[in-house]
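A.B. asks: Take a look at the letters that make up each chain.
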Amino acid sequence: MTRPIAVVAFAQLPNVRRDTAREETELVQPVINEALEQAKLTRRDIGFTCSGSSDFLLGRPFSFVSALDALAPWPPMSESHVEMDGAWALYEAWVRLQCGDVDTALVYAYGKSSLGNLRDVLAQQLDPYYLAPLVPDSVSLAALQARALLDAGGCSEADMAAVAARSRRDAASNPFAQVKKSRAASQLLDDPYLVAPLRKHDCPPISDGACAVVLAAARSGGERQVVITGIDHRVEPHALGVRDLTRSVSTRRAAEHAGLFRGKVDIAELHAPFTHQELLLLRELSLSDDVKVNPSGGALAANPMMVAGLTRIGEAATRLARGEGKRAIAHATSGPCLQQNLVCVLEVT
Amino acid sequence: MSEPDPTVVPMPIRLEYLVTAGRTYSKYLHALAQKRIVGARCPRCSKVYVPPRGSCPTCGVPTGEEIDLAHSATVTTFCIVNIAFGVMPFKPPYVVASLLLDGADLPIIHLVRGLPADEVRMGLRVRAVWVPDEELAPTVESIRWFEPNGEPEAAYETYEAHL
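These protein sequence lines map, in sequence, to chains W and X.
For the first sequence, counting from 1, position 100 maps to 100 in my numbering; every step adds exactly one.
For the second sequence, counting from 1, position 19 maps to 1019 in my numbering; every step adds exactly one.
Chain X with its partners taken away, still in its complex shape:
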């Protein structure tokens, strides 16, 4: 006896949302449009979060004093994307990395370019490469990627607490 064909009912659902970033995260986005990377310091534990947060996850208070962070960073960890999927910024292989901006206590995620993927290392020192000024917008895509800044590799101890 043959199995009947399964009944398939396609039910496409589309919901549209107008999402707002909230007052804390908005400061970070607006700063990016001015070619600045803004973090904020938790008034209790003094950790510098980037982006600033509505609540420090250790202390439960909003981050306070805003801090302009350097545009240089250390690669704390990274992955090499080898498999093509969905919307991709580049043809694989390319590198997505955790980047600890100088002066920050929390890494951000961004692309690392400017050297072969297999030469990216933990501790690599990089700097932000911005889009042309006329393309700056309140998005992290205002930074095109990070590339090596020529400084020697950072010592493991300088970022081991941020892995």
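Extracted from the complex, chain W is given alone in its bound form:
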């Protein structure tokens, strides 16, 4: 029996292509302040803090330590960091809260994807002996996966364009989204390939951003709250060559362990940076047509590295809190071709 944990606050910065005004503390501080304000807590009330970011994006070591200044870490505090998307920081915080000795946790993530050549930077996460020396860039690897999926009959280029058009149309009502409009799906198919079979619309924007979530032990007494009823993450084999790129077994297993299939969901916030990945995930998660998928616009509307996964959890929780549904799945991914996947099931209680 796990301890029920509620998502009590979520704040994010507007996502932009290049944020030249903010360094780490300046990115993190506004979202932490806003999330704490929503939760009516102060920094001193927080039992555990965990963050997600990557020094490879910032191009300098220990940037996450600089960001800690935003937390007022003196006197010393209980803090941890993952060199991953903030969704995994949220997982660590959730595990920490299971111990029962602390009742609140602050989770934040920040990423400036704009400082280096993102496609080259992401190549550094590959296996260092066989793949990284070839510097296959992130878009080309996604294109290999899209090609495999198309060849297997898992989707069509028109299906992919429809995902892009719908995501960016939905993003129009998301004040934090970066790409907010799209031509009709049929027109998108007239564009040339960026890396075949991917066109520009199939790819995520490069985004700078930050977000923060506050977790707290769920309150008893029938108060309306958004509770994490299951959370799990799984990883695919590291070598892309041994994977079936048309499947995401790790997502399916994470969903099973998170209890997704015990009931229907109303909202799905899926971290699918490329259009074909949303189609692939929908199939692995057996989501039916009446599920509202990525009402925020998803990663196709804004994809701050290390942030976009945690944002999915925050977006899903916010929508449930607003009464847009009773049950939601939030998914986060990391690495090439959906390498690692996290599934978080949220319910209004």
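Please note that the accuracy of each hint is not assured.
[Unchecked claim] Computed beta-carbon distance windows for the label pairs: (1) K181(W) <-> L1029(X): 31 to 41 angstroms; (2) P1004(X) <-> P133(W): 13 to 23 angstroms; (3) P133(W) <-> G1114(X): 35 to 45 angstroms; (4) L1018(X) <-> K200(W): 14 to 24 angstroms; (5) P1043(X) <-> P133(W): 45 to 55 angstroms; (6) A172(W) <-> S1046(X): 39 to 49 angstroms; (7) L1018(X) <-> D127(W): 55 to 65 angstroms; (8) V102(W) <-> S1046(X): 26 to 36 angstroms; (9) T349(W) <-> E1016(X): 48 to 58 angstroms; (10) V1131(X) <-> E83(W): 32 to 42 angstroms; (11) E1153(X) <-> D127(W): 57 to 67 angstroms; (12) A172(W) <-> E1160(X): 55 to 65 angstroms; (13) E37(W) <-> P1138(X): 30 to 40 angstroms; (14) R183(W) <-> E1134(X): 45 to 55 angstroms.
[As the list claims (entries may be wrong)] Here are the simulated lysine to any residue pairs, SDA-like style, with alpha carbons at most 20 angstroms apart: (15) K40(W) <-> V1061(X); (16) K200(W) <-> V139(W); (17) K1047(X) <-> W74(W); (18) K1035(X) <-> V1019(X); (19) K326(W) <-> V291(W); (20) K1047(X) <-> P76(W); (21) K1047(X) <-> S66(W); (22) K292(W) <-> R262(W); (23) K1027(X) <-> A21(W); (24) K40(W) <-> C1059(X); (25) K1091(X) <-> E1147(X); (26) K181(W) <-> R18(W); (27) K1027(X) <-> T20(W); (28) K1047(X) <-> P73(W); (29) K1027(X) <-> S66(W); (30) K1047(X) <-> P75(W).
In short, the hints are calculated from the structure, not lab data.
Backbone N, C-alpha and C define an ideal beta-carbon position, used for all residues, glycine too.
Put chain X on the given structure of chain W with help from the hints.
C.D. replies: Chain X alone, transformed into the frame defined by chain W:
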């Protein structure tokens, strides 16, 4: 049986970044180009940080009111670099010191020159030596180094809270 030679695969990686300093630190850098050293006071704890910070590590708020700091400082602690390595500003021995600018609550790190390395002491009073005006730029290298300003050694109590 002899061991086989280890297989060595050189894989040079080069990534280029265009790093931006952020709005708070940029003020400090731009001031250096005007031959000024700018700090800022935390609105909660009143500590003066140099450079100004996006967040006071004790209070968690951005530093506020900007303060022009004196160009004189006290050596709080220092090290004598004796071993040559990488890119060095000078031939060893030379001195890198923690310098508490008058009016600041946090020391900066810079070079101390103008006296033999073995004569540098905690409490030594120094002043900034700037590059010629035409070479001023938004970098801490606008200050070439610090050198003794002739004042008597500062009492330990004046800087013990900043070690």
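A.B. asks: Against each hint, give a clear statement of whether it holds in the structure.
C.D. replies: Hint by hint, here is what the structure shows:
1. K181(W) <-> L1029(X): 31 to 41 angstroms: Since the Cβ atoms of K181(W) and L1029(X) sit about 38 angstroms apart, the hinted range of 31 to 41 angstroms holds.
2. P1004(X) <-> P133(W): 13 to 23 angstroms: Roughly 22 angstroms apart at Cβ, these two residues keep to the hinted range, so it holds.
3. P133(W) <-> G1114(X): 35 to 45 angstroms: 50 angstroms, violated
4. L1018(X) <-> K200(W): 14 to 24 angstroms: Check passed, 22 angstroms falls within 14 to 24 angstroms.
5. P1043(X) <-> P133(W): 45 to 55 angstroms: Given range 45 to 55 angstroms: holds, Cβ gap about 51 angstroms.
6. A172(W) <-> S1046(X): 39 to 49 angstroms: At roughly 46 angstroms between Cβ atoms, S1046(X) and A172(W) fall inside 39 to 49 angstroms, so the hint holds.
7. L1018(X) <-> D127(W): 55 to 65 angstroms: 28 angstroms, violated
8. V102(W) <-> S1046(X): 26 to 36 angstroms: 32 angstroms, holds
9. T349(W) <-> E1016(X): 48 to 58 angstroms: At 50 angstroms between Cβs, range holds.
10. V1131(X) <-> E83(W): 32 to 42 angstroms: 39 angstroms, holds
11. E1153(X) <-> D127(W): 57 to 67 angstroms: 58 angstroms, holds
12. A172(W) <-> E1160(X): 55 to 65 angstroms: 59 angstroms, holds
13. E37(W) <-> P1138(X): 30 to 40 angstroms: 35 angstroms, holds
14. R183(W) <-> E1134(X): 45 to 55 angstroms: 53 angstroms Cβ-Cβ, so the 45 to 55 angstroms window holds.
15. K40(W) <-> V1061(X): Given that 20 angstroms is the threshold and the Cα spacing comes to 17 angstroms, the pair holds.
16. K200(W) <-> V139(W): 10 angstroms, holds
17. K1047(X) <-> W74(W): Roughly 14 angstroms separates the two Cα atoms, so the pair holds.
18. K1035(X) <-> V1019(X): Violated: K1035(X) and V1019(X) sit about 23 angstroms apart, past 20 angstroms.
19. K326(W) <-> V291(W): 12 angstroms, holds
20. K1047(X) <-> P76(W): The given pair, whose Cα atoms are some 18 angstroms apart, holds under the 20 angstroms limit.
21. K1047(X) <-> S66(W): 18 angstroms, holds
22. K292(W) <-> R262(W): Within the cut-off at roughly 18 angstroms; holds.
23. K1027(X) <-> A21(W): Judged against 20 angstroms, a Cα distance of about 11 angstroms means the pair holds.
24. K40(W) <-> C1059(X): 17 angstroms, holds
25. K1091(X) <-> E1147(X): 17 angstroms, holds
26. K181(W) <-> R18(W): This hinted pair holds, its Cα atoms lying about 19 angstroms apart.
27. K1027(X) <-> T20(W): 14 angstroms, holds
28. K1047(X) <-> P73(W): Holds, at roughly 16 angstroms.
29. K1027(X) <-> S66(W): 18 angstroms, holds
30. K1047(X) <-> P75(W): Distance ~16 angstroms between K1047(X) and P75(W) Cα, so the pair holds.
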